[in-house]
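Engineer: Model the placement of chain A on the given structure of chain E, informed by the hints.
Below, each chain spelled out in residue letters.
Protein chains: 2
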Amino acid sequence: MKLWVTEKQTPDLSLLIRTTATLFRKSSNHQNILIVDTPQYGKVLLLDNKFQTTDMDEFIYHEMIAHVPLYSHPAPSKVLVIGGGDGGTVREVLKHQSVDLVELAEIDRDVVEASKKYFPHLSSGFSDHRCKIIIADGVTYIKNMAGSYDIIIVDSTDPIGPAANLFTEDFYTAAYASLRANGILVSQTESPFLHTDFIVKTNRTLSAIFPIVRLYLAPIPTYPSGLWSFTVGSKKYDPSVPSRKGAIATKYYTPEIHKASFVLPRFLEDAIRTNKAI
Amino acid sequence: MKLWVTEKQTPDLSLLIRTTATLFRKSSNHQNILIVDTPQYGKVLLLDNKFQTTDMDEFIYHEMIAHVPLYSHPAPSKVLVIGGGDGGTVREVLKHQSVDLVELAEIDRDVVEASKKYFPHLSSGFSDHRCKIIIADGVTYIKNMAGSYDIIIVDSTDPIGPAANLFTEDFYTAAYASLRANGILVSQTESPFLHTDFIVKTNRTLSAIFPIVRLYLAPIPTYPSGLWSFTVGSKKYDPSVPSRKGAIATKYYTPEIHKASFVLPRFLEDAIRTNKAI
Chain E
0 MKLWVTEKQT PDLSLLIRTT ATLFRKSSNH QNILIVDTPQ YGKVLLLDNK FQTTDMDEFI
60 YHEMIAHVPL YSHPAPSKVL VIGGGDGGTV REVLKHQSVD LVELAEIDRD VVEASKKYFP
120 HLSSGFSDHR CKIIIADGVT YIKNMAGSYD IIIVDSTDPI GPAANLFTED FYTAAYASLR
180 ANGILVSQTE SPFLHTDFIV KTNRTLSAIF PIVRLYLAPI PTYPSGLWSF TVGSKKYDPS
240 VPSRKGAIAT KYYTPEIHKA SFVLPRFLED AIRTNKAI
Chain A
0 MKLWVTEKQT PDLSLLIRTT ATLFRKSSNH QNILIVDTPQ YGKVLLLDNK FQTTDMDEFI
60 YHEMIAHVPL YSHPAPSKVL VIGGGDGGTV REVLKHQSVD LVELAEIDRD VVEASKKYFP
120 HLSSGFSDHR CKIIIADGVT YIKNMAGSYD IIIVDSTDPI GPAANLFTED FYTAAYASLR
180 ANGILVSQTE SPFLHTDFIV KTNRTLSAIF PIVRLYLAPI PTYPSGLWSF TVGSKKYDPS
240 VPSRKGAIAT KYYTPEIHKA SFVLPRFLED AIRTNKAI
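These protein sequence lines are chains E and A, in that order.
Residues 0 to 277 (numbering that gives the first Met the number 0) are what the first sequence spells out, left to right.
Residues 0 to 277 (numbering that gives the first Met the number 0) are what the second sequence spells out, left to right.
Don't take each hint at face value.
One copy or two, it doesn't matter: identical chains are merged, so the pair holds either way.
[Said to hold, decoys possible] With a straight-line cut-off of 25 Å between C-alpha atoms, the simulated PhoX-like cross-links for lysine-lysine are:
(1) Lys250 x Lys275
(2) Lys200 x Lys250
(3) Lys142 x Lys77
(4) Lys258 x Lys49
(5) Lys42 x Lys116
If you are wondering where the hints come from, they were derived from the structure by calculation, not from laboratory data.
All figures in this text were calculated on a predicted structure; none of them were measured in a lab.
Bound-form chain E, shown alone (with noise of 0.2 Å):
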């Protein structure tokens, strides 16, 4: 008998992987949590059925979203997580030496708690003396945190469900409030092949707010098409080009991939551009 686990990606796509083992499964307050151990791309978490990592493709969308932010500053040192319950982004925002503050501020414990015991890898970071965890919204609160933070990564689940009041207008605006006076914003946006729209509208809204708003991608294998964003707001400095040499350890981030990652597809180009999706 084969067992496999579905994610419905579009009403007429899906990405089915075999599993060969139920880890874990809990309806929290805030969601469905699973997870699955499969052949292919090892233990899967999944929330509200969707692929939210992989042991195989993790380090590329962990490394992604905390290095390119990390590095495009001359001397992070305070950075706030919002979702990122795993653990990964934390992990990855440690191992920059001028860090001396990363709060993951969480809405699920039962996310935090399921990593700890079956994802050691990405919970790692933890029980580091510098990170500290807060179970709550995130857009509640950023509300008391004016001038807080170098770095502010939105690291959450699609923007329905519990994470929709994070890619609004109001919650960028505090999350500007927030940032110190050079501070960069990431957050994830989704499928340029599947929600070009939703890539346009957040560019369009964060412009508004931040001088420089920028997009970069990275390929994660078992998100809906493979292809994923990231929408970078600024203050001061470019994201498209590293800030300062590092000799961290990855797998996927270098130097040359982070301004790479901001080279667009033409189609993407005129979509930003023209403000239209194709």
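Structural biologist: Coordinates of chain A only, in the frame set by chain E:
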């Protein structure tokens, strides 16, 4: 009732696309050909149950397999496409004004005929006076073509079944001989995530024949893992930078994308350098 077409990308991984119509189905002398219509990606061509091309993402594959080698050459005149029976690669090659002949050596006449009927936007170049279609095995065909081509593009199916011979040392040696003095060969070489061993092996094989061997990447949503690789063997020109400017209409390719597509993730750089997959 819902009908889905499935590619078992590996024994443990499947991609499903919902279909609304079966347009063509034939067991040819070489393979099973299936063309379906889908709400997500438009018309979709499958050969032996593998997604080959779709209306939605065909532009990426065809632009990248054609324009990268052609723009690396200062004046490509004679081009051979092996495989590529749908015509998308020929269509892109013909956009270069310096090209006065593109030969298509396709083993399966039924693919060519089906594409003429169901993918007219792909097969549009077949009626161009500069295009010559040869129904033949590419491996045999090039044996009598010493010193004939500026560019050879191996636009084949996976390195199993009908296409297996297109990835051997014997074939690459014959391809080298059939190129002109400054010629360039490019071959699709599978997924960096799922077929790293194969990419490393191909790199090694080509490096024993060509003085310059480079790898580049492009996202293809309907191919396994969503990221695809292309390996170039070049006699003289550096394939990672365009040799000339152009004003060709594209949806994916730009001169900046050309350069960025050669920037490899660290794990892949390491695999190539050390001759070992991750």
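Engineer: Hint by hint, note whether the structure agrees.
Structural biologist: Consistency of the hints with the structure:
When the C-alpha separation of lysine 250 and lysine 275 is checked against a cutoff of 25 Å, the pair qualifies only between copies, where the shortest distance is 14 Å, while the shortest distance within a copy is 35 Å. Taking CA atoms no more than 25 Å apart as the test, lysine 200 paired with lysine 250 passes between copies only; the shortest distance there is 20 Å, against 32 Å inside one copy. For the identical chains of this complex, lysine 142 and lysine 77 are intra-copy neighbours only, at 16 Å inside a copy versus 64 Å across copies, given an alpha-carbon limit of 25 Å. Proximity of lysine 258 to lysine 49 under the C-alpha cut-off of 25 Å is found in neither arrangement, the shortest distances being 29 Å within a copy and 34 Å between copies.
In the homo-oligomer, the alpha carbons of lysine 42 and lysine 116 lie at most 25 Å apart inside one protomer (12 Å), although the nearest pairing across protomers, at 45 Å, exceeds that limit.
The structure fails to meet hint 4 from the earlier list, while all remaining hints are met.
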